[in-house]
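Peer 1: Protein sequence lines correspond, in order, to chains D and U.
Note that this note's numbering numbers the first sequence so that position 165 is 165, with each residue one more than the last.
Note that this note's numbering numbers the second sequence so that position 62 is 62, with each residue one more than the last.
Simulated from the structure, these hints should not be mistaken for lab results.
Warning: the hint list may mix true and false statements.
[As the list claims (entries may be wrong)] Straight-line C-alpha distance at most 25 Å; calculated DSS-like pairs for lysine-lysine:
#1 Lys-100/U with Lys-342/D
#2 Lys-45/D with Lys-157/D
#3 Lys-255/D with Lys-236/D
#4 Lys-100/U with Lys-205/D
#5 Lys-157/D with Lys-39/D
#6 Lys-18/U with Lys-157/D
#7 Lys-157/D with Lys-24/D
#8 Lys-31/D with Lys-351/D
#9 Lys-45/D with Lys-236/D
#10 Lys-54/D with Lys-191/D
#11 Lys-191/D with Lys-18/U
#12 Lys-76/U with Lys-18/U
[Stated by the list, open to error] The following label-pair restraints were derived from C-beta to C-beta distances:
#13 Lys-255/D with Pro-22/U: 48 to 54 Å
#14 Asn-124/D with Ser-101/U: 52 to 58 Å
#15 Pro-56/U with Glu-3/D: 24 to 30 Å
#16 Glu-3/D with Pro-146/U: 19 to 25 Å
#17 Gly-57/U with Pro-164/D: 34 to 40 Å
#18 Val-204/D with Gly-57/U: 29 to 35 Å
#19 Ala-139/U with Glu-373/D: 24 to 30 Å
#20 Val-8/D with Pro-42/U: 49 to 55 Å
#21 Pro-56/U with Ser-301/D: 56 to 62 Å
#22 Pro-146/U with Ala-314/D: 39 to 45 Å
#23 Pro-42/U with Ser-301/D: 45 to 51 Å
#24 Ala-139/U with Asp-21/D: 55 to 61 Å
#25 Pro-22/U with His-229/D: 49 to 55 Å
[To be verified] Calculated from the model, a selection of chain U residues having no Cβ within reach of chain D, i.e. all distances over 10 Å:
#26 Leu-37
#27 Thr-83
#28 Ser-101
#29 Glu-129
#30 Pro-146
Glycine included, every Cβ here is placed at the ideal spot set by N, Cα and C.
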Amino acid sequence: MPELRGTVGGPVVTEWFGTQDLYKLDVYKQKGGYAALRKAMVDMKPVDITNEVKTSGLRGRGGAGFATGTKWGFINRDMPGPKYVVVNADESEPGTSKDRYIIENSPHMVLEGIMIAAYAVGANQAWVYIRGEYDEPYRMLTEAIAEARAAGYLGPKPMGIDFPLDIRLYRGHGAYICGEETALLESLEGKRAQPRSRPPFPAVKGAWGRPTLLNNVETLATVPWIVNHGGSEYAKRGTEKSPGTRLMSVSGNVKKPGVYEVELGQTFRHVIMELGGGPPDGRNVKVFWPGGSSAPVLPESMLDTHTDMEALAAARSMGGSGGVIVMDDSHCIIRAAHRLLKFYAHESCGKCTPCRVGGDWAVRTYERILANEGSQVELDILQRVSDALQNGRCLCGLGDSAGWVIDSTIRHFRSEYEDHALRHECNVGAVTALA
Amino acid sequence: MTVLSEHILEEIRDLPSKFPQPRSAVMPALDLAQEELGHLTPEAMTEVAHELQLDPGYVEGVATFYTLFHLAPTGKHRFYVCTNLSCMLRGADDVVARLKSEIGVHEPGEVSKDGLFSYEEVECLGACEYAPMCRVDHAYHYDLTPDSIARLVAERRNGGSAVAAPKKARAPRKRKADA
Ligand SMILES: Cc1cc2nc3c(=O)[nH]c(=O)nc-3n(C[C@H](O)[C@H](O)[C@H](O)COP(=O)(O)O)c2cc1C
Ligand code: FES
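Extracted from the complex, chain U is given alone in its bound form:
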């Protein structure tokens, strides 16, 4: 039994032919694995390596370089809150403080007890004219205040169907299954 399902492995096998050289498939393949499992386990990375005929150590070396790959479990909804300068100057620290208390965690990467939430403090997300801002469930949220971040948490905790599932956007305009 593999940890990645057969159709994912098949998609991964198809990736190399889409690039001038097959190695370029490694990150898109890790995306597929992470999308299925939530984070990248050693077994998953080994399976990716196997399908792409690469060394597992190589694949792990790539995964650990990039912050959007997660090697430990994360919450179902991951908040990436920008705390770089333009957001900091407009109150990002207060937003982070409120977020931590709302989801009941003490540090970045820690998963809330219900498994629903975790957060990261991240570098500039390129939307500084809307500072402070964050990214959650593959969408940006702007002009944050402590109250508005609390609302984003509440919507995800209660709403269920009101909030899109945290799936990777792979095809445009495709309706995704609700959470």
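Okay, chain D solo, but in the shape it has when bound:
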């Protein structure tokens, strides 16, 4: 393992991180691992587990922030026939590396969370959809599953309870869209990953047409702690509407990039300047993406924005995936936006026209501006494309995200856009012409 960069011994998810060989079952158990599974299966009724998660106020850490306990409650546990838990380990949102950090530190914690969730919703089988590039996390989960099977946590009678449990892995093959839950399900079923229209929601008709609980890795990794300590204990942390902690991957122009466990409600100044160590000497923060590349940008003047979802919504952004990308004042906002639009254009699955066409339009427009061929026409096109991508015109959020990059960078850096497009100048002195 490379040098760990991030929180060890933190308040919730990272509490045991940093323990030598935590990835091994016996070490994980020594720390107290699988006590939550025992408590859930032996001492609690499934509905109590779900209620405990509701009490915690935990919200999904994959991006949308949906209330986790409520989602669990959507699954009809008594419905006959197979039900599934599907775990979103596709982690492909630019700037986001926290699920990898969790799996590499404590794969059994992820498995334990999955098992508790599966028992709570009455699913006997769980599938972890893990991005194909994650070789090491895949190996670690494979070994952890083998250990859990040998120990009887997975198998016909976990904890002596007549509730067979199995966890399988499914590797992705390089497509950002597979992180979107319905595209993920298509991919798991062996198809091109194009989002489905909802309803029906996965809770009713998910993987292989069956009721499915779909959660992010970090969401599930938080569950053992909640079962151990109680939902109300978790809810004491964070803010009223965004309780608890979340892992934020801080990257870009900071001295101490890393994955930090942050109590929600802390400021981005704390996350970026203290945890992340601030920008390199002699540089200032210019802008940051508070929740992955899809979260609308915030300029340096908004560093005191709080990390809870309500504060971010008020700042016209979002908590998203928890990926905090920091850019200092030696970099050009147009180049950054161009790079991200290239990403969204490349990753569009092609199903919805605004997204399929809009991304490429925006990329070409940025390229004209960067080649000093811009004018008011280019600025108008960017605004029109950005509008066309947003507000539910596409089946999934990918189009909106692309639109938000354009929209939010123009909103906060209009003069830089005008310098580039109208005066063919770059105020950070970066080379403007593209190779």
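Got chain D sorted already, so can you dock chain U with the ligands onto it with the hints?
Peer 2: This is chain U with the ligands only, laid out in the frame that chain D set:
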């Protein structure tokens, strides 16, 4: 004669029973084919389709959707260099430039003359706290500089036995044959 060897075809035939519905086997099957041949040829995709009782056009449709399937020959060692924002802000472009000159190619996907190398510029690989970074031979490499990427190339060019063969990781902790 098939292009895929009999034991691979047999493994592919066993795959569908591992899933709630057989169609889910298509990507794991394409993995096996790509692992054996290096890239997916039309014949290989047809054989996969045949074994899984799917339409060849369907299988190709799946293969072309995902960037980790390669439909053209690649180098024996494929560098996937992340150039997304966090890596770009920390010098990914310089890393790519050096890599291109070290392996003597001009664009992504082009195979070096000796057949050993090719590279792709890829999107965020989820290891941004180690930016800039890349993936090669099923392992991540962190905190890259132009010099360190040159070393990764040199090790593979000279080392041979020092570097694990670019095989797909299928079973944990299994020692793989050296390159
Ligand atoms: C384009 C797109 C990409 C997404 N990528 C991811 C991802 O990589 N990982 C993830 O957990 N959720 C991702 N999501 C959110 C999922 O659709 C879904 O909301 C989430 O996995 C649900 O789990 P949670 O409730 O535990 O957060 C993505 C959404 C969109 C629209
Ligand atoms: S941006 Fe390169 S690994 Fe995330």
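Peer 1: Give a verdict on every hint.
Peer 2: How the hints compare with the structure:
1. Lys-100/U with Lys-342/D: 21 Å, holds
2. Lys-45/D with Lys-157/D: At roughly 16 Å apart (the allowed maximum being 25 Å), Lys-157/D and Lys-45/D satisfy the hint.
3. Lys-255/D with Lys-236/D: 31 Å, violated
4. Lys-100/U with Lys-205/D: Violated, at about 47 Å.
5. Lys-157/D with Lys-39/D: 15 Å, holds
6. Lys-18/U with Lys-157/D: 21 Å, holds
7. Lys-157/D with Lys-24/D: 22 Å, holds
8. Lys-31/D with Lys-351/D: Distance ~47 Å between Lys-31/D and Lys-351/D Cα, so the pair is violated.
9. Lys-45/D with Lys-236/D: 24 Å, holds
10. Lys-54/D with Lys-191/D: Given pair Lys-54/D, Lys-191/D is violated - Cα atoms ~34 Å apart, limit 25 Å.
11. Lys-191/D with Lys-18/U: Distance of about 17 Å is within 25 Å: holds.
12. Lys-76/U with Lys-18/U: Between Lys-76/U and Lys-18/U the Cα gap is close to 30 Å, so the pair fails against 25 Å, i.e. violated.
13. Lys-255/D with Pro-22/U: 48 to 54 Å: 52 Å, holds
14. Asn-124/D with Ser-101/U: 52 to 58 Å: 54 Å, holds
15. Pro-56/U with Glu-3/D: 24 to 30 Å: 47 Å, violated
16. Glu-3/D with Pro-146/U: 19 to 25 Å: Roughly 21 Å apart at Cβ, these two residues keep to the hinted range, so it holds.
17. Gly-57/U with Pro-164/D: 34 to 40 Å: Since the Cβ atoms of Gly-57/U and Pro-164/D sit about 38 Å apart, the hinted range of 34 to 40 Å holds.
18. Val-204/D with Gly-57/U: 29 to 35 Å: 31 Å, holds
19. Ala-139/U with Glu-373/D: 24 to 30 Å: Check failed, 42 Å falls outside 24 to 30 Å.
20. Val-8/D with Pro-42/U: 49 to 55 Å: Hint holds: Cβ distance 50 Å, inside 49 to 55 Å.
21. Pro-56/U with Ser-301/D: 56 to 62 Å: Holds - the Cβ-Cβ distance for Pro-56/U and Ser-301/D, about 57 Å, lies within 56 to 62 Å.
22. Pro-146/U with Ala-314/D: 39 to 45 Å: 43 Å, holds
23. Pro-42/U with Ser-301/D: 45 to 51 Å: Because 56 Å falls outside the window, the suggested range is violated.
24. Ala-139/U with Asp-21/D: 55 to 61 Å: Violated, at about 20 Å.
25. Pro-22/U with His-229/D: 49 to 55 Å: At roughly 43 Å between Cβ atoms, His-229/D and Pro-22/U fall outside 49 to 55 Å, so the hint is violated.
26. Leu-37: 16 Å, holds
27. Thr-83: Violated, because the least Cβ-Cβ distance between Thr-83/U and chain D comes to about 8 Å, which does not exceed 10 Å.
28. Ser-101: The claim stands: Ser-101/U keeps its Cβ more than 10 Å from every Cβ of chain D (closest is about 14 Å).
29. Glu-129: 4 Å, violated
30. Pro-146: 17 Å, holds
In the structure shown, a violation is registered for the earlier hints numbered 3, 4, 8, 10, 12, 15, 19, 23, 24, 25, 27, 29, in ascending order.
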